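Just so you know, the protein sequences line up as chains A and B, in that order. Okay, so the first sequence: first residue is 1 according to the working numbering, each after it adds one. Okay, so the second sequence: first residue is 1 according to the working numbering, each after it adds one.
Please keep in mind that the hints were generated in silico from the structure rather than gathered at the bench. It cannot be assumed that every hint is accurate.
Straight-line distance between alpha carbons at most 20 Å, and here's what the computed SDA-like set of lysine to any residue pairs gives [claimed, not checked]:
| # | chain 1 | residue 1 | chain 2 | residue 2 |
| --- | --- | --- | --- | --- |
| 1 | A | 90 | A | 11 |
| 2 | B | 34 | A | 18 |
| 3 | B | 34 | A | 41 |
| 4 | A | 426 | B | 139 |
| 5 | B | 30 | A | 61 |
| 6 | A | 137 | A | 454 |
| 7 | B | 30 | A | 417 |
| 8 | B | 30 | A | 18 |
| 9 | B | 117 | B | 130 |
For clarity, every value in this text was computed on a predicted model and none was experimentally measured.
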Amino acid sequence: MALSLATASFVIERDPARCIACQVCVRQCANDVHFYDADDDTVRAHDQSCVGCHRCVTLCPTQALSVRLNPLEYRPHANWGPDILRNIYKQAETGGMLLTGMGDDQPQRIYWDHMVLNASQVTNPSIDPVREPMELKTYLGAKPERLEIDDHGDGLTLRTELTPQLELDIPIMFSAMSYGSISFNACESLARAATEAGTYYNTGEGGLHPALYQYGERTIAQVASGRFGVHLDYLNAAAALEIKIGQGAKPGIGGHLPGEKVTLDISRTRMIPQGTDALSPAPHHDIYSIEDLRQLIYAIKEATHYTKPVSVKVAAVHNIAPIASGIVRAGADIVAIDGLRGGTGAAPTMVRNNVGIPIELAIAAVDARLRSEGIRHRASLVAAGSMRCSADVVKAIALGADAVYIATSALVAMGCHLCQHCYTGKCNWGIATQDPYLTKRLNPNIGAQRLANLLRAWSLEIKEMMGGMGVNSIESLRGNRDHLRGLGLNQVELDALGIKAAGM
Amino acid sequence: MSKRIVIHEEHCIGCRLCEVHCLVQHSSSKDIIKAYGGEHSHLMPRLTVEEDGPLSFALQCRQCEEPSCVEACVSGAMHRDPLTGMIMCDEERCVGCWMCIMVCPAGAIQQNLLGTKIASKCDLCYGAELPACVAHCPNEALTFDDVAEKGAGS
Chain A
1 MALSLATASF VIERDPARCI ACQVCVRQCA NDVHFYDADD DTVRAHDQSC VGCHRCVTLC
61 PTQALSVRLN PLEYRPHANW GPDILRNIYK QAETGGMLLT GMGDDQPQRI YWDHMVLNAS
121 QVTNPSIDPV REPMELKTYL GAKPERLEID DHGDGLTLRT ELTPQLELDI PIMFSAMSYG
181 SISFNACESL ARAATEAGTY YNTGEGGLHP ALYQYGERTI AQVASGRFGV HLDYLNAAAA
241 LEIKIGQGAK PGIGGHLPGE KVTLDISRTR MIPQGTDALS PAPHHDIYSI EDLRQLIYAI
301 KEATHYTKPV SVKVAAVHNI APIASGIVRA GADIVAIDGL RGGTGAAPTM VRNNVGIPIE
361 LAIAAVDARL RSEGIRHRAS LVAAGSMRCS ADVVKAIALG ADAVYIATSA LVAMGCHLCQ
421 HCYTGKCNWG IATQDPYLTK RLNPNIGAQR LANLLRAWSL EIKEMMGGMG VNSIESLRGN
481 RDHLRGLGLN QVELDALGIK AAGM
Chain B
1 MSKRIVIHEE HCIGCRLCEV HCLVQHSSSK DIIKAYGGEH SHLMPRLTVE EDGPLSFALQ
61 CRQCEEPSCV EACVSGAMHR DPLTGMIMCD EERCVGCWMC IMVCPAGAIQ QNLLGTKIAS
121 KCDLCYGAEL PACVAHCPNE ALTFDDVAEK GAGS
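One chain only, chain A, in its complex shape (with noise of 0.2 Å):
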């Protein structure tokens, strides 16, 4: 066999006065990094196969453990770094594309970090979270032109008749994540999070297993090109469908569940044959225009009996703005976008770093466009792809998302560590994973406990940035951009954002 070109991406360091060889880390690696030497009662690893994913030095109980970049520096190169030379490396031995999941890796400019929040002095007070009401309801679907009100003398009822709508304690849901691609585990904790916190998850186009049918109040079910698990009682289960066209980590491409992850629930689930891959085709095949997905829209409509909204998810990419001034002329109750750095199971390499833009800057021209063709009421924006933390979800809605869809925040509150190596259906945390072995690793009472906790903590800081800027409600804040600054951002950039330059 011709040498291997590939270098470890990691080296192991294990403290030997610490290391006790309980052989914790053996047992907990999937990856077959560390094994233990049964001549000299000692364990070694095999750098080679580590990830980072850092389950061994979480768990070592002696803090052993350490994993550390590989220190083996490349001649420097501004053009060649080291992991393009990686990635030529593994190409030129495999012939494949290269693989990976999460979100984009590169650094592209996070615009969420150029962008500060403002706060009240002295002209307008702040209003303090802990002493006033602060409101964070929000309500997705569309909304009427107008209310019409009919006056008895001895009190109002309203006359015009509203859409459904989704009613949301926080305005931030979790994200799509398929059974297949995540563990029933890992989907079971979203679903009681989202219940407990009085949001919504959302089931991925992987169906949905009947053991999580009972938190179908708390369900946005999708309905994306390949329909896998797509049947009446599905749609009539969740509060809301949603129809995929595209996913931030990887426009214009379909999802891919490779067979060895299709097991007998998941292929139940999806209605597919045991062992097969799920492979979603790019595109829908019956949705060729704005007119195709109007008549899909409304054949879920019809199909609900017009008691659940309908959102349609698309991937953030260029002319956005005229994208989703279509999907919302379709019929569409909520436009969801993703953004460049939303993340997936499993995505080619070259396409996730690649292939969109960011979120960002596509909530900005989208709301500006529904604003400027009086049609922003008609449907809710719901913004994904990296909200990291509270003040991204902050600036997202002031930018003019009605809310957010988290799902790596999600994931990584449930003990993700962004090793990136989802599609290898390996995952030491239990998560995206179907392994008997390594699904049992994520306890669902735990992880349903820390995605409440994380909600929680976000709602508090929330209220507290909100209070700091004057404004009680949400609705206050939503497409408020006055409460957006831009620093270090050119004019082109602050124009594209709809902001003013820190300093105006």
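Chain B: place on chain A using the hints.
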């Protein structure tokens, strides 16, 4: 009602950290590095992780309602603690006849490694707030709960 270690096998990940921390808890230093250093040769955990494929769980004394070990004990070493109701082994009185090991339905009693004829079994970390195995289980596969009295192996 009494406190029992409850096994949740669906959450056991087979890492055996319970065994590690049980051993440390029953060492003289209670220091993990020292326990696995000088003392290691004669220390053993008082529970065992049983495995069959992906199924695993940590097994320790089930605190039987009608304990066979107490009935079989010739010296009165195995007894039910009058204060806590827990099954304990009075190591001063144990003569090493190993009858308890023969009759234990869970196989939760072992000979100790000192060769001093003392039956080694879970003492629920007597005196500690939580048994070490429960406190250190990373996935809450062991909990220390109030449970209604049940028979052996419950």
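Hints that the structure is at odds with (numbers, increasing): Hints 7, 9 contradicted; others consistent.
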